[in-house]
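Protein sequences, first through last, are from chains A and B.
The numbering of the first sequence is the numbering used here, which starts it at 1 and goes up by one.
The numbering of the second sequence is the numbering used here, which starts it at 280 and goes up by one.
A couple of the hints might just be wrong.
[Claimed, not checked] Sample of chain B residues with no beta-carbon within 10 Å of chain A, all distances over it, derived: (1) R300; (2) P310; (3) F328; (4) I363; (5) V376; (6) A377; (7) W414; (8) R420; (9) L428; (10) N429; (11) P473; (12) H491; (13) P495; (14) R567.
[Unchecked claim] Here are some of the chain A residues that sit facing chain B, going by a computed Cβ distance under 8 Å: (15) L109; (16) E121; (17) L129; (18) R138; (19) L139; (20) L213; (21) Y237; (22) S240.
Calculated directly from the structure, the hints in this document are not laboratory data.
We treat Cβ as the ideally placed atom computed from N, Cα and C, and that holds for glycine.
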Amino acid sequence: MSAPSGAARRAGGALLGLWYMLTVLFLFAPIVTSIVYSFNLGSLNKQTSAFTGWTLAWFADAWNNNSLRHAVEISLTASFWSAIVAVILGTCLGFALVRHPRPLVRRLLSGLTYILLIVPETVIGVSLLLFYAVTRIRLGMPTLVAGITPLAIAVTALIVRAGVLTLDRRLEDAAADLGAVRWKALWFVVLPHLAPAVLAAALMSYVFSFDNLVISSFLTTPSISTLPVYLYGSLQYGPSPAVYAAATSVFIFTIVLVALAGLLYRVVLRRGPRPVRPR
Amino acid sequence: MADSTNSLVSKPAGRSPAAGRALDHLLAALPALWLLVVFVAPLGFTLVFSFGHSSFGGIKLGFTLDNYAQALSGFYLESFLRTIQFAVSGCILCLLVAYPAALFIARQPPTRRTPLLLLVLVPYFTSFLIRVMSWQIILARGGPAEFALNLLHLLNGPLDVLDTQTAVFIGLVYAYLPIAVVPIYLVLARIPQPLIEASRDLGGSALQTFWHVILPLSRPGLATAALLTGVPMLGELVIPVLLGGDKGVLMGMAISQQYLATQNYALGSAMAVLVLIAVAVMVALLVRLTRGFEEISA
Numbered sequence: 001m002s003a004p005s006g007a008a009r010r011a012g013g014a015l016l017g018l019w020y021m022l023t024v025l026f027l028f029a030p031i032v033t034s035i036v037y038s039f040n041l042g043s044l045n046k047q048t049s050a051f052t053g054w055t056l057a058w059f060a061d062a063w064n065n066n067s068l069r070h071a072v073e074i075s076l077t078a079s080f081w082s083a084i085v086a087v088i089l090g091t092c093l094g095f096a097l098v099r100h101p102r103p104l105v106r107r108l109l110s111g112l113t114y115i116l117l118i119v120p121e122t123v124i125g126v127s128l129l130l131f132y133a134v135t136r137i138r139l140g141m142p143t144l145v146a147g148i149t150p151l152a153i154a155v156t157a158l159i160v161r162a163g164v165l166t167l168d169r170r171l172e173d174a175a176a177d178l179g180a181v182r183w184k185a186l187w188f189v190v191l192p193h194l195a196p197a198v199l200a201a202a203l204m205s206y207v208f209s210f211d212n213l214v215i216s217s218f219l220t221t222p223s224i225s226t227l228p229v230y231l232y233g234s235l236q237y238g239p240s241p242a243v244y245a246a247a248t249s250v251f252i253f254t255i256v257l258v259a260l261a262g263l264l265y266r267v268v269l270r271r272g273p274r275p276v277r278p279r
Numbered sequence: 280m281a282d283s284t285n286s287l288v289s290k291p292a293g294r295s296p297a298a299g300r301a302l303d304h305l306l307a308a309l310p311a312l313w314l315l316v317v318f319v320a321p322l323g324f325t326l327v328f329s330f331g332h333s334s335f336g337g338i339k340l341g342f343t344l345d346n347y348a349q350a351l352s353g354f355y356l357e358s359f360l361r362t363i364q365f366a367v368s369g370c371i372l373c374l375l376v377a378y379p380a381a382l383f384i385a386r387q388p389p390t391r392r393t394p395l396l397l398l399v400l401v402p403y404f405t406s407f408l409i410r411v412m413s414w415q416i417i418l419a420r421g422g423p424a425e426f427a428l429n430l431l432h433l434l435n436g437p438l439d440v441l442d443t444q445t446a447v448f449i450g451l452v453y454a455y456l457p458i459a460v461v462p463i464y465l466v467l468a469r470i471p472q473p474l475i476e477a478s479r480d481l482g483g484s485a486l487q488t489f490w491h492v493i494l495p496l497s498r499p500g501l502a503t504a505a506l507l508t509g510v511p512m513l514g515e516l517v518i519p520v521l522l523g524g525d526k527g528v529l530m531g532m533a534i535s536q537q538y539l540a541t542q543n544y545a546l547g548s549a550m551a552v553l554v555l556i557a558v559a560v561m562v563a564l565l566v567r568l569t570r571g572f573e574e575i576s577a
């Protein structure tokens with residue numbers, strides 16, 4: 001290797017490193033800003049772009065705001081039920097994505113999963129609104145939960161799929177050879193091995209449901225409004241820094257859940273046998 | 280529990296292949312049926328009603344192409360074309376920013392890659408709304424960006440970026456960057472090192488190696504990243520509303536206005552179907568290029 005080209009390569013590497021650092025800075029700047037500005041004094045009860053001084057008052061303000069608290073309760077409940085549905089159906093889907101005997105079915109299901117992730121949420125939101133209007137189903141908690149499940153199911157399915165891929169297929173075969181019927185092999189042998197992946201998926205689907213804004217914004221009613229929808233609404237009329245205080249609290253809540261999910265996911269990936277390809 | 284373990288041993292006859300297959304079908308059918316009701320059926324309603332006649336505050340079934348004619352003319356056509364233009368350029372910008380970052384991560388020793396990737400990914404898992412609304416402060420007059428740019432002497436005086444297309448692009452790139460990095464990183468990390476060494480040994484410069492070896496091999500990752508970023512951008516609603524002000528309405532906004540304000544459901548449905556067609560075209564163009572990604576990412 002000639003010296004100049006080595007130097008050039010090192011310079012290229014340094015440039016890439018610089019780019020990476022700028023990217024991370026870019027990604028974290030708004031998060032840091034939002035946290036810092038939740039302590040901003042603001043002026044006349046409104047958030048200001050210039051930082052005017054430190055205060056903790058907005059956290060108390062957010063805590064004492066009844067409509068905000070109500071929105072938090074609705075969000076917690078809706079994402080809880082959404083995560084429950086997503087864990088049950090998403091685990092089935094994630095397993096079928098890898099182990100369904102027919103390749104055609106596997107391909108259809110994986111197409112469906114990716115479609116869930118990429119169809120613009122606005123289109124889904126208005127379609128649901130129309131669907132419920134035509135079928136005369138009243139909007140409420142169940143419709144809200146049903147509306148946000150598809151995304152949560154897709155997230156769960158992809159995480160569980162990763163878990164199934166690390167499972168040794170011979171485990172199932174051994175259970176079958178020892179006389180276990182299929183559902184018992186799955187329930188007593190496969191599911192316990194998938195538990196960390198399923199739990200990580202549950203947390204992530206909870207986070208995604210809690211964070212959902214666009215679909216929820218079409219399905220909320222005056223009495224059923226989620227936290228992101230409430231915050232989004234208040235942003236359009238010059239928000240008070242209390243909105244940022246609430247957002248910062250949500251951020252900490254989310255980070256804790258994501259960190260838990262991450263730890264569980266590590267357990268999944270660290271464990272045992274190499275991926276066994278579906279036949 | 281004890282009973283079932285006993286019967287595990289005592290009933291080997293129970294494992295008929297047909298019964299096993301029935302369970303596999305059930306596992307596939309349960310989520311598929313649910314998604315059919317809460318996801319596919321509503322989209323079907325939108326398709327049907329896009330051909331209906333709009334009446335005041337309601338909709339009458341029928342077959343007319345009037346809604347599409349209206350959605351493809353004047354103001355609505357403009358916002359449709361603008362939306363496609365925004366999604367394509369937003370997606371390209373996103374890939375341009377993501378690629379070098381992904382390349383950097385892939386070139387690190389394996390133990391260091393995961394933390395570096397996580398650092399990029401963590402913001403994606405935090406609240407979307409929080410991340411976007413902070414840009415309102417950052418980009419505002421007298422905000423942190425103005426301060427920083429003046430400090431670096433890149434700008435003298437106030438910064439007028441909020442409520443412009445530039446702000447929308449910053450928001451789009453920002454929101455979708457993490458999911459663009461991941462698929463690109465996955466392909467780059469799987470490129471065999473001997474291939475790169477071979478290119479060097481044959482006298483290829485760093486740039487030539489990149490252009491003739493690394494870049495062509497990263498095609499499936501780039502296409503997957505484009506799929507995950509460009510397609511959802513076609514319906515983006517929140518970013519243009521919060522950062523773009525009222526200039527340059529995009530389809531997401533226009534559709535939601537038809538439903539929530541004007542209540543012309545038929546026209547709104549036609550516009551939603553147009554977005555879905557744009558989605559389908561983009562997916563069809565890109566899916567071809569993602570071939571090979573499944574094997575890599577698994």
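Comparing the hints with the structure gives:
Under the 10 Å C-beta cut-off, the non-interface status given to R300 (chain B) relative to chain A is violated; the minimum distance is some 6 Å. Once the 10 Å rule is applied to beta carbons, P310 (chain B) is inconsistent with being away from chain A; the minimum gap is 4 Å. For F328 (chain B), the shortest C-beta to C-beta distance to chain A comes to about 6 Å, within the 10 Å cut-off, and the non-interface label is violated. Against chain A, the non-interface label of I363 (chain B) holds: every CB pair exceeds 10 Å, the least being about 12 Å.
Distance check on V376 (chain B): its Cβ comes as close as 7 Å (rounded) to a Cβ of chain A, failing to clear the 10 Å threshold; non-interface status is violated. Its beta-carbon lying about 8 Å from the closest one in chain A, A377 (chain B) breaks the requirement of being farther than 10 Å from that chain. A Cβ of chain A approaches the Cβ of W414 (chain B) within 10 Å, the least distance being about 6 Å, so the stated non-interface status is violated. In this structure R420 (chain B) is not separated from chain A by more than 10 Å, as the shortest Cβ-Cβ distance comes to only about 6 Å.
With a closest Cβ-Cβ approach of about 13 Å to chain A, L428 (chain B) is found to remain outside the 10 Å limit, as its non-interface label requires. For N429 (chain B), the condition that its CB be more than 10 Å from all CB atoms of chain A holds, with the nearest at approximately 13 Å. Even its closest Cβ contact with chain A, about 15 Å, leaves P473 (chain B) beyond 10 Å, as expected for a residue assigned away from the interface. No Cβ of chain A comes within 10 Å of the Cβ of H491 (chain B); the nearest lies about 15 Å off, and the non-interface call holds.
No beta-carbon of chain A is positioned within 10 Å of the beta-carbon of P495 (chain B); the least distance is around 18 Å. Separation of R567 (chain B) from chain A is adequate, the least Cβ-Cβ distance of about 14 Å exceeding the 10 Å criterion. Nearest Cβ of chain B to the Cβ of L109 (chain A): about 6 Å, under the 8 Å cut. The hint holds. For the restraint placing E121 (chain A) at the interface with chain B, the shortest Cβ-Cβ distance is roughly 6 Å, inside the 8 Å limit, so the hint holds.
Below 8 Å, beta-carbon pairs count as interface contacts, and L129 (chain A) has one with chain B at about 6 Å; its hint therefore holds. With a cut of 8 Å, the hint placing R138 (chain A) at the interface with chain B is violated, because the nearest CB-to-CB distance is about 16 Å. Interface restraint check for L139 (chain A): the shortest CB-CB distance to chain B comes to about 13 Å, outside 8 Å, so the restraint is violated. Hint status for L213 (chain A): holds, given a least beta-carbon distance of 6 Å to chain B, under 8 Å.
With its C-beta approaching chain B no nearer than about 13 Å, Y237 (chain A) sits outside the 8 Å limit, and its interface hint is violated. Interface hint status for S240 (chain A): violated, as the beta-carbon distance to the closest one in chain B is roughly 13 Å, over 8 Å.
Comparing the model with each earlier hint shows violations of hints 1, 2, 3, 5, 6, 7, 8, 18, 19, 21, 22; every other hint is respected.
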